[in-house]
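In full-length UniProt numbering, the protein residues as written are 1 to 457.
These aren't lab readings, by the way, just hints derived from the structure by calculation. A portion of the hints provided could be inaccurate.
DEER-style ranges, computed between Cβ atoms [stated by the list, open to error]:
hint : residue 1 : residue 2 : range
1    : Leu422    : Lys206    : 52 to 62 Å
2    : Asn315    : Asp24     : 29 to 39 Å
3    : Ser381    : Glu216    : 39 to 49 Å
4    : Thr250    : Arg73     : 42 to 52 Å
5    : Asp24     : Ser144    : 43 to 53 Å
6    : His105    : Asn274    : 19 to 29 Å
7    : Val341    : Pro272    : 18 to 28 Å
8    : Leu340    : Ser111    : 23 to 33 Å
9    : Ala121    : Asp57     : 44 to 54 Å
10   : His105    : Val382    : 30 to 40 Å
11   : Glu166    : Ala121    : 44 to 54 Å
Quick list of in silico lysine-lysine cross-link-like pairs, PhoX-like style, CA-CA up to 20 Å [stated by the list, open to error]:
hint : residue 1 : residue 2
12   : Lys276    : Lys331
13   : Lys402    : Lys331
14   : Lys116    : Lys331
Glycine included, each C-beta is placed from N, C-alpha and C at the ideal position.
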Amino acid sequence: MLTVQREVISDSHTLRAPLTSEEDPPPYGAQHRLHALWEGGNETLPPLWQEFKVLDDKTRYVDNTLYMGSWNRPLPGVRLDQHGDLVPGCEWHISPLGRSYFANHNNRTTSWKKPKLERPAGSLTPHRIIEGHSGCIWDLASLSADCHIMSTSIDGSIRQWTRDGEPIGKPWDSNGEAVGLMAVSPDQTMVVNGNADYRIRLWNIKEGSMVGNPWEGHIAVVRCLDWSPNGLEIVSGSEDGTVRRWNPDTGRQIVPTIETGHSWVFAVKYSPQNDKFVSGGMDKIIRVWSKDGEMLMEIKGHCESVKSLCWSNDNAHIFSGSGSPDCTIRKWRLIDGMELVVLRGHTSIVTSLCLCPNACHLVSASRDCSIRIWDLKTNQSVGNPLLHDDELCALAMSADGKYIATAGSDAKIYLWSFDVALGGDRAASVHGGSAEDEQLKASHICFPSHCTVSLLY
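Build out the structure end to end from the sequences listed, making use of the hints.
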């Protein structure tokens with residue numbers, strides 16, 4: 001297997017702050033090599049950047065102000081984005097003083113703000129937009145009993161919302177640490193989440209309070225979590241390349257740490273029958289593990305990192321979503337790892353997958369700012385894509401299959417009608433029709449928490 005490392009080489013935000021502010025970004029046409037003017041110049045990273053050693057000793061650079069990553073070293077004149085990272089015709093650059101900006105070839109302008117897709121005339125708009133977070137929403141979960149939606153955010157909070165978008169109580173504070181992925185217990189009394197400080201926290205949902213001390217073990221960011229269907233254990237995956245399994249009652253590991261070989265682990269999911277689990281990561285491979293931690297199978301076929309995973313209800317198939325420029329969703333037969341279907345349509349990382357309750361459709365979310373619905377009989381995308389104003393991280397679907405909840409970089413939760421998205425009565429939903437809005441308020445929306453998501457960078 002590959003050596004599993006996630007080494008912080010340089011952490012510029014602990015060393016220095018920007019020298020000064022810049023009122024305007026460099027003009028359009030000035031995207032050529034210049035000497036860096038930040039402290040340390042070309043020999044150091046810009047302010048508030050980090051670099052990491054990852055798979056095969058490749059280096060990943062991350063701008064902690066935008067939470068965007070690049071494989072290219074940030075220097076003036078160096079293009080930082082890859083295919084599918086941005087709106088077509090746009091590029092990501094760094095200014096001489098170390099601030100990220102964007103060049104737009106469509107209108108020959110530059111801006112500090114990341115370009116957004118233009119919403120086509122007549123496209124669907126969400127029935128409701130829930131606002132309250134101040135930073136990217138990494139994950140969504142739900143409580144079927146009372147139909148509340150839960151969300152985690154880089155703003156350091158976990159929040160609960162009614163189905164009408166009203167906040168429930170005060171935000172749960174995670175000591176200022178960015179809150180990433182979460183998993184809800186099968187009885188929906190507890191939720192566990194990963195934090196930017198590499199630790200895992202357990203919360204009592206009813207009381208909104210943390211239970212015990214944070215769980216320690218990972219030595220890098222926790223990228224994924226799942227709660228076993230029988231409620232007896234939790235699995236976590238991390239940028240340290242390991243998968244760890246925990247006793248939720250004690251917060252201790254119950255089996256030895258698994259060195260996965262993924263480098264960064266982006267997704268983990270227990271099977272519906274609770275007899276095995278799968279993991280996916282930066283090495284483009286899906287691995288199937290027994291409950292004892294023995295690797296049963298390696299599934300290969302993706303051309304980029306495996307970012308999201310989802311099981312079929314019958315335990316016989318696995319769906320996976322990949323990074324850019326692959327950007328595909330693939331269906332695999334578990335018994336022999338054979339690739340059965342490749343779904344194409346997204347143009348950037350497929351960050352989240354969710355199987356509809358009737359198992360007839362698969363819903364996907366992507367960094368291309370869209371949600372797509374796939375008919376699993378025809379293996380085609382149906383309806384028009386549902387569009388966000390920014391990159392997507394998470395989605396969930398109501399237990400009755402009527403509504404979809406999505407969230408991402410714009411710090412908002414969107415609620416969509418599934419029937420309308422499939423091409424039903426579109427007129428009432430375009431521009432927020434009041435009749436459909438009242439139907440949404442009255443409906444009993446319960447969101448399961450069986451989706452996987454992937455952090456943006």
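Restraint status (C-alpha distance of lysine 402 to lysine 331 at most 20 Å): Not OK: lysine 402 and lysine 331 at ~24 Å, beyond 20 Å, violated.
Verdict for glutamate 166, alanine 121 (Cβ pair) under range 44 to 54 Å: violated, 32 Å
Straight-line alpha-carbon gap lysine 116 to lysine 331, limit 20 Å: This hinted pair is violated, its Cα atoms lying about 31 Å apart.
Leucine 340 versus serine 111 beta-carbon gap, inside 23 to 33 Å or not: Taking Cβ atoms as reference, leucine 340 and serine 111 lie about 43 Å apart, which means the hint is violated.
Verdict for histidine 105, asparagine 274 (Cβ pair) under range 19 to 29 Å: violated, 51 Å
Range hint compliance [Cβ, serine 381 to glutamate 216, 39 to 49 Å]: holds, 43 Å
Histidine 105 versus valine 382 beta-carbon gap, inside 30 to 40 Å or not: Between histidine 105 and valine 382, where Cβ atoms are some 33 Å apart, the hint holds.
Consistency of beta-carbon spacing, lysine 206 to leucine 422, with hint 52 to 62 Å: Violated, since leucine 422 and lysine 206 (Cβ atoms, about 36 Å apart) do not stay within the stated range.
Threonine 250 paired with arginine 73, Cβ distance criterion 42 to 52 Å: holds, 44 Å
Distance restraint between lysine 276 and lysine 331, which requires alpha-carbon spacing of 20 Å or less: With Cα atoms ~18 Å apart, lysine 276 and lysine 331 stay inside 20 Å; holds.
Range hint 43 to 53 Å (beta carbons of aspartate 24 and serine 144) holds or violated: holds, 50 Å
C-beta pair valine 341, proline 272: status relative to the range 18 to 28 Å that was hinted: holds, 20 Å
The structure does not agree with the numbered hints 1, 2, 6, 8, 11, 13, 14 stated previously, though it agrees with the rest.
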